[in-house]
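Q: All chains, full assembly: derive it from the sequences and hints.
Number of protein chains: 4
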Amino acid sequence: MIRFDSDYIEGAHPEILKALADTNFEQHVGYGCDDYCERARDIIREHCGDSTLGVQFLVGGTQANVTVIDALLYSYQGVISADSGHINVHETGAPEATGHKVIALPTTDGRLSLEQIAECYHNHWNDHSHEHTVQPGMVYLSCPAENGLIYTKAELTAISEFCHKHGLYLFVDGARLGYGLCAEGCDVTLSDLARLCDVFYIGGTKVGALFGEAVVFKSAEMHRSFRYAIKQHGGMLAKGRLLGLQFEQLLKGGDECLYFKLARHANAMAAKIRKAFESKGIPMWIDSPTNMQFPLLTKEQQEILGKKYIPEFWGKYDNERDVVRFCTSWATTPENVDGLCEYISIML
Amino acid sequence: MIRFDSDYIEGAHPEILKALADTNFEQHVGYGCDDYCERARDIIREHCGDSTLGVQFLVGGTQANVTVIDALLYSYQGVISADSGHINVHETGAPEATGHKVIALPTTDGRLSLEQIAECYHNHWNDHSHEHTVQPGMVYLSCPAENGLIYTKAELTAISEFCHKHGLYLFVDGARLGYGLCAEGCDVTLSDLARLCDVFYIGGTKVGALFGEAVVFKSAEMHRSFRYAIKQHGGMLAKGRLLGLQFEQLLKGGDECLYFKLARHANAMAAKIRKAFESKGIPMWIDSPTNMQFPLLTKEQQEILGKKYIPEFWGKYDNERDVVRFCTSWATTPENVDGLCEYISIML
Amino acid sequence: MIRFDSDYIEGAHPEILKALADTNFEQHVGYGCDDYCERARDIIREHCGDSTLGVQFLVGGTQANVTVIDALLYSYQGVISADSGHINVHETGAPEATGHKVIALPTTDGRLSLEQIAECYHNHWNDHSHEHTVQPGMVYLSCPAENGLIYTKAELTAISEFCHKHGLYLFVDGARLGYGLCAEGCDVTLSDLARLCDVFYIGGTKVGALFGEAVVFKSAEMHRSFRYAIKQHGGMLAKGRLLGLQFEQLLKGGDECLYFKLARHANAMAAKIRKAFESKGIPMWIDSPTNMQFPLLTKEQQEILGKKYIPEFWGKYDNERDVVRFCTSWATTPENVDGLCEYISIML
Amino acid sequence: MIRFDSDYIEGAHPEILKALADTNFEQHVGYGCDDYCERARDIIREHCGDSTLGVQFLVGGTQANVTVIDALLYSYQGVISADSGHINVHETGAPEATGHKVIALPTTDGRLSLEQIAECYHNHWNDHSHEHTVQPGMVYLSCPAENGLIYTKAELTAISEFCHKHGLYLFVDGARLGYGLCAEGCDVTLSDLARLCDVFYIGGTKVGALFGEAVVFKSAEMHRSFRYAIKQHGGMLAKGRLLGLQFEQLLKGGDECLYFKLARHANAMAAKIRKAFESKGIPMWIDSPTNMQFPLLTKEQQEILGKKYIPEFWGKYDNERDVVRFCTSWATTPENVDGLCEYISIML
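Residue numbers (my numbering), protein chains in the order written: chain A, 11 to 358; chain B, 11 to 358; chain C, 11 to 358; chain D, 11 to 358.
FYI, nobody ran anything at the bench for these hints, they're computed from the structure. Quick caveat, the model's predicted, so the values are computed rather than measured. The beta carbon of each residue, even a glycine, is placed where N, CA and C say it ideally should be. Hints may be right or wrong, so weigh each one.
No more than 27 Å apart at the CA atoms, straight line, and that leaves these computed lysine-lysine pairs for BS3-like [claimed, not checked]:
#1 A/Lys271 to B/Lys28
#2 D/Lys271 to C/Lys28
#3 D/Lys28 to C/Lys271
#4 D/Lys28 to C/Lys262
Calculated from the model, a selection of chain D residues having no Cβ within reach of chain A, i.e. all distances over 12 Å [claimed, not checked]:
#5 Ile79
#6 Leu83
#7 Gly120
#8 Ala164
#9 Thr343
#10 Leu358
A: Listed below in structure tokens is the structure:
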């Protein structure tokens, strides 16, 4: 059986494993204060074109989300999110566990619009009894969204301007950031994100690393406090060097860095799979330009595919079809994709 | 400079790195539901002589501590700890951040006694206004303690009996468990811990792994709920296989497993260092049988050592001397220890 | 200006004030352990026909809600509520502030149905990755609901059976309980609630008291722990006697107690107001049998009414009309209601 | 039996009850936005000589403490307190329940000194791994302290200067503030507190009110946010007018207000009791100038007193004597005190 159900089913890119082995007996101070982390920070600052950014490394996405939210918000503030946002649906109430309500807004395509954010914000403050409801303190966007869609630079800019005009933090969850930045049609860069967001992170776990998310802060003050929050939330890795080392391997080399190469590869693999489905007249649920594709499949089609392949059931679409996710990654081999495409072409 | 300041300054035992590389492209389901984790669970159950135990793998010690405490206690309950306990002094208030007060008791040697625990418990319930104080719900012991001391089987048995008679959970923090179990004079085994505790964990980070703590539960019910708590606290590693794989490598092979070998090695190295100090008439702060030794050193002695070696300043002892920690680990080389001993012998 | 915007705009029933004055210099132990509270507990147990019930007195509704939720649930559990439920919309995220997500379900009429609850529960447990979502631990119903509607005994019984079959607590928010129990067509009694719920409360603040909610527990164990939770949440009134005294005054006298008399009075006043609107062809938003009525009014009609009366704007209904709440209470005078009805009749 | 065990065993000063009765049927908007609260705010501002202060009214002391702490601190910050401070010992871990560790410092007399605060603060920031410990964010002082002692203006000024130089909030718990301000030798005024503290409160519950604490804020920004925190913590009284009305009655009239008169009366009563004990050669545990006196009594003496009087057992002093608390209040009658003194004089 060959898995296409997620982008974290293999280990790490071999260069990372090699670097781990090569440096295994070096002695380093713990908790992210070592030279590897410092170098990775500098590399990220260079990508972002801002040498003043704060950078901290965490192990996983939920950890990053909840630590950022809790570190930045006051106890009576909540975070605005698409109702399909990862923090709202798939983190076992982690933000709430730190005391912060997710103010979940319904969306048509999994992406928050400026209009919705503005409406939510103004509804709050225009309510004469606003103290009886949670104060919006932050906007959370996933880039790409949970369905693979991306935001344009114009959209992010407008949301950022609104946020900063009204005292809301803008936080971008970049668990799959690479796949988004390298998507066809994406006009957003790391340097745009650094400029428009208060905090965002560069996801490593799903883009070539064993694990790791690099959280980037615009405010030095915020960044300083964040290390307390990391420790308090159990997210301060003793051998922090492991995180710095991985991001150094992924991001060194500027635009030609491994991170972008791997993301482009995964996107290309996903585009092939999509084409294979479309050639058979099977429509996509949504027009995703990234590493996740969502064909609408009948139970019969799923059964046929299920003899050789493991995709992810995503939800019921209509009485006949379900939404099914096919996910590629840095580790997806062209052989497996070609095999899948042939199988689709012949068997469906 | 050669570091002796902690037991997490290098990477992982080479056999672990090799296993990582060998299996890197295998595809596995995430979140600790893979075959590696299952095998590691079985190996741990065998060590403990109890096939019904629940086992979950977390990345680090603070994460393990806070997740266990929060998962098991009701909101109005607190955890009894030595005031020198890691949860009380070095986790940025992580238990409190989940709502649970650490009921910190002063100790003479960093270890809780049955008498103290009983006094604390009875003082609470004998107070007619006990509802105005936090209800003790759990006893937390570090084994070995933060100063390297261990508990005897008789001590643990007595504490366990008291806890279970009075409805308190007994939780053992085993971040350095290997060094304790393999200490000279230790009469406690994994199977004793599994029998006496409600929850304990086998620390990997400090004993040969890149990272990882294996949390062992006696109650199946508790264990089931624990996975929610792990996710909620941001501790559910996407590529959970990495944890299972490491514990499989460390613990396979019964009494001759890598974990015990590495711990014995570190303890032997620490004993050598101790002897070197004692040969020079330098007393130890405390009689630790494990991988941490605490000579009392003058500022002058520290300066001399500091030219070649990095130990950890532990605290002021008296007007002339400080407590200084020398820590060995699975990665400490005999060459470095011999060099240090010679340096002590000649230079101090 | 005469207010009809809420049911907590006046003080307390004069008999309560008289009792306060008469007993002002009595000396009593604090925190709800006095004779007044004990007598009030017994009176409530008699109303409920169960001498084993636990009863504690709190000052307000949000306090009662959040203390119950936090005291009963484990950290990874959430509470199922109508999305219009008070805990979800009007308590500044109080449940989330204690770590518990409100699992908000959309409703057509502000009341949860058995089907929804069952679907939510089974969706959770049928999801193979259920640990990534909040575990349902409790069902929260407001009786009457925020829009004045009530549940039938058959509905409550079915929900109760489902909850207890599946290990969910059933918690009824009775901030306006009196108005519900005394509504025309209501077949639910205090003794039904005590039998069907794990916890419910009898609201005093809105039904004749200065303040106060009597929280009733079926389980003695739960009840014992609850006093810790009260204190921890800052809800333990020093002069607890004030709460016992009020509930004694309200509830003594069995079916002819003041509490029911006041509720019946308010409901009758509300019915009059409703009739006045309907006589003018103005429809109600919802068919409420309790002390809150919601006519659909144009801006012009609101303006005319606003010259003499203060109702509560509830929300936009369509392009022409808004939902407006008229609220009566134990303190509403027939004179004011007659005046309002006449004004409606003449002016609208 | 006559009680001297606490200062909240009776109701409220009759003028408060009268005002409640006189205004019972007035209609007012809820939640502290009514005219009574506004007038009370103005009266407090006048006492403090600062028309810009923010004032909010809460029902009780634990509620006030925990709401202030949680509203002001970031999640990774804790509050410095004497280890005998009410928040540390008698609030069921309420601050911790909101996520904030109490950094408890041992004291000789229940009062924090500038030296201790400074040492605690500098120890934190001088520790190279300070992120592993809770960041001090606030200093909490009880005035008077739990043992009745007061701070001088010089002490408060020095602490205030240190706090504001180092970014710590200074918060004064004034649950018994009246008794402190009116103590012989006290050189602190309300206007000093308003100037020196970031937040403090004027306790009503123990000084003449049925209940109520008036929380005073120097920063308007802080004050605005505080209303969210009140609601979130379940502390927003629906009939907020009850709080405003009480503080208006207590504080109107400037230096000749009821609040001060009642406090002076209680202090005088306490001084009489003290003198009675001392006349018999019975020493005090501590030199309290306020309404609480702590004679050291043998078991035999306690038994004799216990035939007619109920004081509060405070703790064991030595093998022969206990510390026993005698508490007076606004409601203590000269007759009862004279009776007690005579009884002491004759029977002990």
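Q: For each hint, tell me whether it holds in the structure or not.
A: Results for each hint:
no.	hint	result
1	A/Lys271 to B/Lys28	26 Å, holds
2	D/Lys271 to C/Lys28	26 Å, holds
3	D/Lys28 to C/Lys271	26 Å, holds
4	D/Lys28 to C/Lys262	25 Å, holds
5	Ile79	10 Å, violated
6	Leu83	8 Å, violated
7	Gly120	29 Å, holds
8	Ala164	33 Å, holds
9	Thr343	42 Å, holds
10	Leu358	51 Å, holds
Violation of the numbered hints given earlier is confined to hints 5 and 6; the remaining hints are satisfied by the structure.
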